[in-house]
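Enquirer: Chain by chain, the residues run as shown.
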Amino acid sequence: MTSEKNNNYVLRNRPKSEKFIDLGFKNLTIAMSAMVAIVLFAIFIVVFVESTESMGRYGLRFLITSNWNPVTDEYGAFTAIYGTLVTSIASLVIAVPLGVGTAIFITENILPEKIRDLIGLMVELLAAIPSVVLGLWAVLVMEPFIRPLLILTYKTFGWIPFFSSEPMGPGMAPAILILVIMILPIITAISRDSLNQVPIKLRQAAYGVGATRWSAIFNVILPAAISGITGGILLALGRAMGETMAVTMIIGNSNNFSWSIMSPGYTISSMLANQFGEADGSQVSSLMYAAFILMILTLAVNIFAQWIVRRLSLKY
Amino acid sequence: MKKTDLTYKSNLTRNITSRAFTIIAGIFSFIAVLPLILVLMYIIFKGGSLISWDLLVLEPQPPGDDLGSAGGIGNAIVGTFIISGIASVIAVPIGIGGGIYLAEYSKGGSFARFIRFGTNVLSGIPSIIAGVFVYSIIVVTKIFLGSTFSGLAGGIALSIIMLPTVIKTTDEGLKLVPDDLRRGALGLGASMFTTILFITLPSAFRSIATGIVLGLARAAGETAPLIFTALFSYYHITSISDIFYEMSSLSVLIYNFALEPYEAQNELAWAASFVLVILLLGMNLFSRLISKIASNK
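Those protein sequence lines, which keep their order, are chains D and X. Just so we're aligned: 301 in our numbering is position 301 of the first sequence, and the numbers increase by one with no gaps anywhere. Just so we're aligned: 206 in our numbering is position 206 of the second sequence, and the numbers increase by one with no gaps anywhere.
These are calculated hints, taken from the structure and not from any lab test. Misleading hints may appear alongside valid ones.
To be verified - Cross-link-like lysine-lysine pairs, in silico, DSS-like; alpha carbons within 30 Å at most:
hint	chain 1	residue 1	chain 2	residue 2
1	X	LYS292	X	LYS175
2	X	LYS107	X	LYS175
3	X	LYS107	D	LYS19
4	X	LYS9	D	LYS114
5	D	LYS201	X	LYS292
Note that the structure is a prediction, hence the values are computed from the model and not measured.
Please build the complete structure, drawing on both the sequences and the hints.
Expert: Here you go:
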């Protein structure tokens, strides 16, 4: 009798085939998740190896010279680097107040819920419109429409180096505006999510001591959500730096350096899109060098974004 | 204290300031929504009015031949479907498998943390870099039957864009499945494999499907990785082996034809934008619908 009792709780004996399938499936999923790391490293290595020739020849001089001449084989990417930084930062300066303002408008109880959801949905749908379509619209509709405005800016503020050339069509200024449109949805969506996660008790406490809506927002709600909002802003900055199609179509693709945002320019990504297909020899290597710089820039911004979200996130 | 001291006074400075900020925020959200309305209106009126059956099935004509008929965008529509199909055939299984590992097997160790971090990094890499990468390892090396620019290379480039989205949503979807379901299945004697395949994956199906649709929508609208992987073709696909050759897509067609000096070609670009935007907006609204049904359950 006692021996029978012991047998009652023996675990089911797993057949060999089952063990094989279980282990095989586990290893398969490990291999698949490792694909992310493999692709990431492969991208890094390929872009780095392809750019070594140009790195060896120009070194850091590549970053600060702006001649780009396939005939004499002289390359420097300063125009493109300047364009990338100026367009992305300027678009961020415009898009942050718009995006965060919109996020506040659709999270705090200002409007009926239906309208709030509709505005949120519309801003998010804006993200679904592909870059190339926005580029088409920018070239054929927006740029001719805003040109008089840009000319007015030039005539009024032409003494400032940033506005010191006459707008003649495509240029960095319309590229900045189209970038604003493209990064607005990211900033708005992430800010909205962070604001929605602020505990309701914080709001109640703020209103309970007699704060007005906006003193509660500025002193309590925004500080509580700041980590998520900052992360979203940095994510948008990374997106703006790497954005290609709309910028390539509207920025004018010119390698002549100019401080002015009214004149045609280049970004690293637009240079790649424009020249990569027809490049050969050391031009390919120089383009790869530029691609490597772009990758390092976006990577740094992204890692910084992840770090700041972890660092700043408040614990309730 | 008088009773009037407790009522809302609309002309206090603090109340006026508060109202002013509300108005500013309202104006900001109006400005934020405005581009969508303007772009959509242009695409629907300008692109939508050009749509006809011929335009949807014909091939585009070489520029300048005949200003009256620019042909159609049929091959680009087919090409977009094929290239994004190839991308999802690659990215969906790998993404779901990777997500299963992260959510079901990993115990938060350094490998899993690194993969999650890598997923975020990969989704932040500019899409044109993915194009440059695929160009160097596939187009230049002629690794597939000696072909250079091909629809297949384009699909592979787009799969790199899709992969992080699918992994992330699978991981997050599976994490929402209650642990009781897993314990129940395992307690009944099911193997880990059967539990995942028949219990946890189906219960997370809706959020995974949302992720796949969103990733696909993002990939289908991409242009930058395609301009030097799939390139462009003026002709219809006739056989399956055509995936080893240059292939057209709606987005590259828009890019190529937007900057052409010919009016007829610009109109093709508007029409292609209409088709593409309707497609992508439809997919986005569809994914929203899926997740809405899921949250009502």
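Enquirer: None of the hints should be skipped; say for each whether it holds.
Expert: Going down the list of hints, with the structure as the test:
1. X:LYS292 <-> X:LYS175: holds, 18 Å
2. X:LYS107 <-> X:LYS175: Given pair X:LYS107, X:LYS175 holds - Cα atoms ~12 Å apart, limit 30 Å.
3. X:LYS107 <-> D:LYS19: Holds: X:LYS107 and D:LYS19 sit about 20 Å apart, inside 30 Å.
4. X:LYS9 <-> D:LYS114: Holds. X:LYS9 to D:LYS114 sits at ~29 Å (cutoff 30 Å).
5. D:LYS201 <-> X:LYS292: Judged against 30 Å, a Cα distance of about 27 Å means the pair holds.
Going down the numbered hints, you'll see the structure goes against none, and every one checks out.
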